[in-house]
Amino acid sequence: GDSVTQMEGPVTLSEEAFLTINCTYTATGYPSLFWYVQYPGEGLQLLLKATKADDKGSNKGFEATYRKETTSFHLEKGSVQVSDSAVYFCALDSGGGADGLTFGKGTHLIIQP
Amino acid sequence: NAGVTQTPKFRILKIGQSMTLQCAQDMNHNYMYWYRQDPGMGLKLIYYSVGAGITDKGEVPNGYNVSRSTTEDFPLRLELAAPSQTSVYFCASSSGQGLGNTEAFFGQGTRLTVV
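If you're matching them up, the sequences are chains A and B in order. Take the first sequence: its position 98, counted from the start at 1, is 98 in this note's numbering, and no numbers get skipped. Take the second sequence: its position 74, counted from the start at 1, is 1074 in this note's numbering, and no numbers get skipped.
Read the hints as simulated data drawn from the structure, not as lab findings. Small disclaimer: the values here were computed from a predicted structure and weren't measured. For each residue, glycine too, the CB sits at the ideal point set by N, CA and C. One should not assume that every hint holds.
[Claimed, not checked] Using 27 Å as the maximum straight-line C-alpha spacing, the simulated DSS-like pairs for lysine-lysine come out as follows:
| hint | chain 1 | residue 1 | chain 2 | residue 2 |
| --- | --- | --- | --- | --- |
| 1 | A | Lys49 | A | Lys68 |
| 2 | B | Lys1057 | A | Lys49 |
| 3 | B | Lys1057 | B | Lys1044 |
| 4 | A | Lys68 | A | Lys105 |
| 5 | B | Lys1014 | B | Lys1057 |
| 6 | A | Lys49 | B | Lys1044 |
| 7 | B | Lys1044 | B | Lys1014 |
| 8 | B | Lys1014 | A | Lys49 |
| 9 | A | Lys52 | B | Lys1044 |
| 10 | A | Lys56 | B | Lys1009 |
| 11 | A | Lys49 | A | Lys60 |
| 12 | A | Lys77 | A | Lys60 |
| 13 | A | Lys56 | A | Lys105 |
| 14 | A | Lys77 | A | Lys49 |
| 15 | B | Lys1014 | A | Lys52 |
| 16 | A | Lys52 | A | Lys77 |
| 17 | A | Lys68 | B | Lys1009 |
| 18 | A | Lys77 | A | Lys105 |
| 19 | A | Lys105 | A | Lys49 |
| 20 | B | Lys1057 | B | Lys1009 |
| 21 | A | Lys60 | A | Lys105 |
[Stated by the list, open to error] If you want the ones that stay clear, here's a sample from chain A, every Cβ over 10 Å from chain B, calculated:
| hint | residue |
| --- | --- |
| 22 | Gln45 |
| 23 | Thr102 |
| 24 | Lys105 |
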């Protein structure tokens, strides 16, 4: 079945540091890939997505490139801020069907001033 | 614009009690979902619905029931609460076919503790 593997957290960085959160996946076919963010006390929000190989999703300074050859969708940001502290979830949808997304376990990011 | 509204935000249940988690959306979305989020784990799909009157099981449906009598509402029912149901529950909705094609909107979650 489909699965998503994310790097374990928490990840602690200083403000303005470079961020990478690794995400790899296993899926049949050609899935769409997503990053969701969950700020403290809130629900999940879509951060970015990519629907086909070599696509790059970007939003709020975050980027991720769909790499089919390595089955990866790593999240990057050049200079993190304290306000980026949150839990980040990588997810996939393998068939565009109605039965929801497959989520990774989430990576807790802590940015220190 | 309210989006997806879940109530209550917190609840403590005793083993064997019943309760209904409410979810309402005001975006006229056809697709609605219930997930649970356990510590250190991703979200697991409990049930989903593609429209009023239509529901289907997700990955972890045991111990839960749902109904979808209107487009707006998608309540989740726990009949006999067990400690294994201690979790954070999220409701979500989307307009298109599945969460892969259109953006999903999530509620703020319900934190449930069964003691």
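Hint by hint, here is what the structure shows:
no.	hint	in the structure
1	A:Lys49 / A:Lys68	holds (14 Å)
2	B:Lys1057 / A:Lys49	holds (26 Å)
3	B:Lys1057 / B:Lys1044	holds (11 Å)
4	A:Lys68 / A:Lys105	holds (21 Å)
5	B:Lys1014 / B:Lys1057	holds (25 Å)
6	A:Lys49 / B:Lys1044	holds (20 Å)
7	B:Lys1044 / B:Lys1014	holds (23 Å)
8	B:Lys1014 / A:Lys49	violated (41 Å)
9	A:Lys52 / B:Lys1044	holds (24 Å)
10	A:Lys56 / B:Lys1009	violated (36 Å)
11	A:Lys49 / A:Lys60	holds (13 Å)
12	A:Lys77 / A:Lys60	holds (9 Å)
13	A:Lys56 / A:Lys105	holds (22 Å)
14	A:Lys77 / A:Lys49	holds (15 Å)
15	B:Lys1014 / A:Lys52	violated (47 Å)
16	A:Lys52 / A:Lys77	holds (21 Å)
17	A:Lys68 / B:Lys1009	violated (40 Å)
18	A:Lys77 / A:Lys105	holds (20 Å)
19	A:Lys105 / A:Lys49	holds (18 Å)
20	B:Lys1057 / B:Lys1009	holds (24 Å)
21	A:Lys60 / A:Lys105	holds (22 Å)
22	Gln45	violated (7 Å)
23	Thr102	violated (8 Å)
24	Lys105	violated (5 Å)
In summary, the structure is inconsistent with hints 8, 10, 15, 17, 22, 23, 24 from the numbered list given earlier, while agreeing with the others.
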